[in-house]
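Trainee: In case you want the letters, here they are:
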Amino acid sequence: MLAALACVFAGCTRDADPRTTITFWAMGREGEVVAELLPDFERRNPDIRVSLQQLPWTAVHEKLLTAYAGDALPDIAQLGNSWVAEFAALDALEPLDARLAASPSIERADYFDGIWDTNVIDGHVLGVPWYVDTRLMFYRRDLLAAAGFQDPPRDWDEWRRAMATVKQRAGTGKYAILLPLDEFGPLLSLAVQQDEPLLRDGDTRGNFESAGFRAAFDFYTSMFERDWAPRMSDTQISNVWNEFANGFFVFYINGPWNIGELRRRLPPGSDALWTTAPLPGPRGEGASVAGGTSLVLFRGGEKHEAAWKLVEYLSDPAVQLHFHALTGDLPPRRSTWADPALAGDEPSRAFLNQLERVKPTPKVAEWERIVIEMQRAAERVARAGADRDATLRALDTEVDAILEKRRWIINRKLATP
Amino acid sequence: MNSTRAAWLFVTPALVVIGVFFLLPVFAAFALSLTDFDLYALADRDNLRFVGFGNYLDLLRTPLFWTSLSNTLYFVAVGVPLSIAVSLAAALLLDSKLARFKGFFRTALFAPVVTTIVAVAVIWRYFFHTRYGFVNYVLGLVGIEPIDWLGSADWSMPTIILFAVWKNFGYNMIILLAGLQAVPEELHEAARIDGASFLQRLRHITLPLLKPTLLLVAIITTSGYFQLFAEPYVKTRGGPLQSTTSVLYFMFEEGFKWWNLGRASAVAFLLFVLILGVTALMLRLGRRGESA
Numbered sequence: 001m002l003a004a005l006a007c008v009f010a011g012c013t014r015d016a017d018p019r020t021t022i023t024f025w026a027m028g029r030e031g032e033v034v035a036e037l038l039p040d041f042e043r044r045n046p047d048i049r050v051s052l053q054q055l056p057w058t059a060v061h062e063k064l065l066t067a068y069a070g071d072a073l074p075d076i077a078q079l080g081n082s083w084v085a086e087f088a089a090l091d092a093l094e095p096l097d098a099r100l101a102a103s104p105s106i107e108r109a110d111y112f113d114g115i116w117d118t119n120v121i122d123g124h125v126l127g128v129p130w131y132v133d134t135r136l137m138f139y140r141r142d143l144l145a146a147a148g149f150q151d152p153p154r155d156w157d158e159w160r161r162a163m164a165t166v167k168q169r170a171g172t173g174k175y176a177i178l179l180p181l182d183e184f185g186p187l188l189s190l191a192v193q194q195d196e197p198l199l200r201d202g203d204t205r206g207n208f209e210s211a212g213f214r215a216a217f218d219f220y221t222s223m224f225e226r227d228w229a230p231r232m233s234d235t236q237i238s239n240v241w242n243e244f245a246n247g248f249f250v251f252y253i254n255g256p257w258n259i260g261e262l263r264r265r266l267p268p269g270s271d272a273l274w275t276t277a278p279l280p281g282p283r284g285e286g287a288s289v290a291g292g293t294s295l296v297l298f299r300g301g302e303k304h305e306a307a308w309k310l311v312e313y314l315s316d317p318a319v320q321l322h323f324h325a326l327t328g329d330l331p332p333r334r335s336t337w338a339d340p341a342l343a344g345d346e347p348s349r350a351f352l353n354q355l356e357r358v359k360p361t362p363k364v365a366e367w368e369r370i371v372i373e374m375q376r377a378a379e380r381v382a383r384a385g386a387d388r389d390a391t392l393r394a395l396d397t398e399v400d401a402i403l404e405k406r407r408w409i410i411n412r413k414l415a416t417p
Numbered sequence: 418m419n420s421t422r423a424a425w426l427f428v429t430p431a432l433v434v435i436g437v438f439f440l441l442p443v444f445a446a447f448a449l450s451l452t453d454f455d456l457y458a459l460a461d462r463d464n465l466r467f468v469g470f471g472n473y474l475d476l477l478r479t480p481l482f483w484t485s486l487s488n489t490l491y492f493v494a495v496g497v498p499l500s501i502a503v504s505l506a507a508a509l510l511l512d513s514k515l516a517r518f519k520g521f522f523r524t525a526l527f528a529p530v531v532t533t534i535v536a537v538a539v540i541w542r543y544f545f546h547t548r549y550g551f552v553n554y555v556l557g558l559v560g561i562e563p564i565d566w567l568g569s570a571d572w573s574m575p576t577i578i579l580f581a582v583w584k585n586f587g588y589n590m591i592i593l594l595a596g597l598q599a600v601p602e603e604l605h606e607a608a609r610i611d612g613a614s615f616l617q618r619l620r621h622i623t624l625p626l627l628k629p630t631l632l633l634v635a636i637i638t639t640s641g642y643f644q645l646f647a648e649p650y651v652k653t654r655g656g657p658l659q660s661t662t663s664v665l666y667f668m669f670e671e672g673f674k675w676w677n678l679g680r681a682s683a684v685a686f687l688l689f690v691l692i693l694g695v696t697a698l699m700l701r702l703g704r705r706g707e708s709a
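Line by line, the protein sequences are chains Y and A. Heads up: the first sequence at position 376 corresponds to 376 in this note's numbering, and the numbers run straight through without jumps. Numbers given in this note's numbering equal positions in the second sequence, counted from 1, plus 417.
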C-alpha cells in the first residue's frame with residue numbers, strides 16, 4: 001500500500017513509459033474536441049503518447065511567445081494562420097517541405113489554394129492547414145424574397161439594390177445588414193477582393209490610400225451613411241442570433257461556426273428562413289479572407305518524427321470528417337468535401353464555393369496590429385463622420401510607423417549579403 | 418566603529434534583496450526603455466537598436482497614450498475622492514456609539530477587499546447587464562430608461578469607478594477607523610457641552626485630528642488608482658472606443674500583446690514619474706497645511 005502510494009507521488013520511474021511522448025497545444029473548442037480523437041491515434045501508433053494541453057484562445061498568443069522566450073514550446077501546436085508570419089519572423093517554425101514531399105497522405109493539390117498559401121513564407125511551407133475559416137454572407141431568405149429578390153446578390157451593384165430595397169421596406173429601427181464596428185472581418189473581406197494589395201513595397205508600407213482600398217472602404221462606410229447598417233459594436237448587441245431571428249437585419253458577414261450556432265439557437269423550424277451565399281464582389285462573386293488554423297512543428301524539437309505522424313493523422317480526410325462532425329469546423333481538403341455530410345448541406349456548400357476564392361492577408365508579423373488600426377479608422381469614419389481622405393492618410397502613416405522595424409531589418413539584410 | 422559595522426552587517430541582507438529585486442530591475446527596465454526591444458530582437462539580438470529617448474518622444478505623439486492618460490486621470494480624479502468619502506462615511510458609522518454588531522459590519526464592509534476580482538467582476542457584469550441586470554431593473558421601477566453600463570463610451574468609466582470604489586473602500590475604512598478611535602473622547606464631550614452639532618464637531622475636531630491619517634490614505638489610494646488595470650481588463654478589455662483603456666492597460670497591450678517591450682518600459686517610466694510627482698505634490702500640500 002505504502003509502496004503503491006510512494007509510486008504515485010514519485011511518478012513511478014521504474015515503469016517508465018517506453019513510448020515517445022509528444023506535447024500538443026490546442027486551443028478553445030478544438031482543444032477539447034481533439035482529445036476524443038487522440039485515443040484512436042495512439043491505438044494506431046502504439047509507440048507514441050500524446051500529452052495534450054488545452055489553452056483558451058484569449059491567453060494563447062502571450063503563452064506561445066513566452067514559451068518561445070523561455071524555450072518551452074511544445075512539439076506540435078495549432079496556430080492561427082495569421083500568426084504563422086509572426087512565428088516565422090522568430091524563426092521558431094520547422095520548415096515542412098521535405099516531409100511533405102515524402103508524405104504519402106498529405107497532397108498539396110487537394111488543399112484549397114488560398115488556405116495553403118497562408119502557410120507559405122519565403123517559399124517554405126511552415127504549416128499544414130487543419131481547419132479553415134473564411135467570411136461569407138448569411139442572409140434571411142424570407143425577408144430578401146419579401147423584398148422581391150429570389151436570389152442572393154452576386155456583385156456589389158446587386159447587393160446595393162437589395163440593401164436599399166430591404167431598408168426601405170423595413171423602415172426605421174430595422175436594418176439591411178449588420179456590420180459590428182469592432183469587427184475587422186467584414187471590411188477586410190471587402191478589401192481583399194480588390195486587385196491592389198493591402199501593403200506595398202514588399203509588405204513594408206501601408207497601401208490603404210490605393211484606389212482599391214478606397215473603393216472597399218467607401219462601400220463599407222456608405223452602408224452606415226445610408227442607414228443600411230446600424231452604428232453598433234458587438235458589445236451593444238446582446239444576442240446577435242436573436243436579433244437575426246427577429247429580422248433586425250437581413251445580411252450578416254460572418255464565419256462558418258455560425259451555421260451551427262444558428263441551427264442551435266434559432267427557434268425550431270427556422271432553418272428554412274436563412275442560408276448562406278458567397279460574398280458578392282465588385283464584379284461578380286468576390287474573394288474573401290483565408291483564415292483558420294494550421295498544425296505546425298517547432299524548431300529544435302527532437303520528436304519531429306512522432307509529431308509529424310500526428311499531423312498526418314489529423315489531416316486524414318476520414319479523421320477530418322469526424323472532426324467536422326464534432327466541431328462544425330470546415331475541412332481544408334477538397335476530398336473531404338466530397339462526403340455527403342458536407343456536400344449535401346446547403347449552408348456549408350456556399351463555403352465550398354467561397355473557399356475556392358479565398359486570399360491570404362499580408363504575411364507580416366505586425367499584421368494583427370495593422371488590421372486593428374484599419375478597423376479603428378473605419379469606426380472613426382462610420383461612427384464619428386471623420387474625413388475619409390485624412391483618415392486613410394493617417395492610417396498609412398501609422399502603418400508605416402508600425403512597419404518601420406521591418407523595413408530596417410530588410411534593408412540591413414540587403415546591405416549585408 | 419564596531420557598532421557601525423554591526424549595523425551595516427544587519428542591514429546588508431535587506432539591502433541585497435532590495436538591490437537585486439528592486440533596484441536592478443528598475444535600472445534594467447530603464448535601459449530597456451531606451452531601446453526598441455521587440456519580437457525581432459527576441460529572435461535575434463542583432464535586431465536591437467538603441468533609440469535614446471525615441472520611445473518617450475514617440476509616446477507623446479501617440480493619440481492612444483493621451484487617451485489612456487486622460488482616462489486614468491478621470492478615474493483618479495473622480496475615484497479617489499469618492500473612495501475616501503465612502504471609506505470615511507463607513508468608518509464614521511462604525512465608530513458611532515449607536516452602531517450595533519460592529520464586528521459583523523466591519524467584516525462585511527471589508528469583505529470586498531479580500532474577494533477575487535475576477536469572480537466579483539462576473540457578478541457585477543450580470544448586475545449591470547443592459548437588459549437583464551438588477552441595476553437597470555431598479556432604475557426601471559422609477560421610470561429611468563435602461564443604461565448600457567459597459568457598452569457605451571460615456572458610462573463605461575463611471576461603471577468601472579463604482580466597481581473600484583466598492584472593491585477598495587473597505588481597506589481605507591479600516592485605517593480611518595483606527596484613526597477615529599485615536600481621537601480623544603474628551604474633546605467631543607467638551608464640544609458637545611458647548612453646544613456643537615455633529616457636523617461642527619466633524620469639521621473642527623474629527624477631521625483636523627484625522628488629517629495625518631487622511632493624507633496617508635489619500636496618497637496610498639492615489640498611487641493605487643493610477644495603476645488601474647485589473648478592472649478594465651476583466652470587464653471591458655479597454656473598450657468601448659478605448660474609453661476604459663488606462664495607462665497600465667495601454668502598457669500591457671504594448672508589452673504583452675504586441676511585444677514592444679521597449680515602448681512598454683517607457684510607458685511604465687512615464688507613469689512612475691507621474692505618480693511620483695502627484696504624490697510628492699500631495700505630501701507638500703499636506704505639510705504646508707500643517708505649519709499654517
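Derived by calculation from the structure, the hints in this document are not laboratory data. Note that CB positions come from ideal geometry on N, CA and C, so glycine has one too. Where hints are given, some of them may not hold.
A short, non-exhaustive set of chain A residues, derived as facing chain Y with CB atoms under 8 Å [said to hold, decoys possible]:
hint, residue
1, D453
2, N464
3, L465
4, F467
5, G656
6, W676
With beta-carbon atoms standing in for the labels, derived distance ranges [as the list claims (entries may be wrong)]:
hint, chain 1, residue 1, chain 2, residue 2, range
7, A, T533, Y, A72, 23 to 29 Å
8, A, R620, Y, D234, 47 to 53 Å
9, Y, R388, A, F673, 32 to 38 Å
Trainee: Hints first: check each against the structure and report whether it holds.
Mentor: To see whether the hints hold, each was checked on the structure:
1. Contact between A:D453 and chain Y, as hinted, is supported at the beta carbon level, the nearest pair being about 7 Å apart and thus within 8 Å.
2. For A:N464, the interface hint holds, since its Cβ comes within 8 Å of a Cβ in chain Y; the closest pair sits about 6 Å apart.
3. For A:L465, the shortest C-beta to C-beta distance to chain Y is roughly 10 Å, which exceeds 8 Å, and the interface hint is violated.
4. For A:F467, the shortest C-beta to C-beta distance to chain Y is roughly 13 Å, which exceeds 8 Å, and the interface hint is violated.
5. Among the interface hints, the one on A:G656 holds; its C-beta lies about 7 Å from the nearest C-beta in chain Y, closer than the 8 Å criterion.
6. For A:W676, the suggested interface contact is upheld, since its CB lies about 6 Å from the closest CB of chain Y, less than 8 Å.
7. Between A:T533 and Y:A72 the Cβ separation comes to about 27 Å, which falls inside the hinted range of 23 to 29 Å.
8. For A:R620 paired with Y:D234, a C-beta distance near 50 Å keeps the hint of 47 to 53 Å intact.
9. A hinted range of 32 to 38 Å for the beta carbons of Y:R388 and A:F673 is consistent with their spacing of about 33 Å.
The structure is inconsistent with the numbered hints 3, 4, although it conforms to all the rest.
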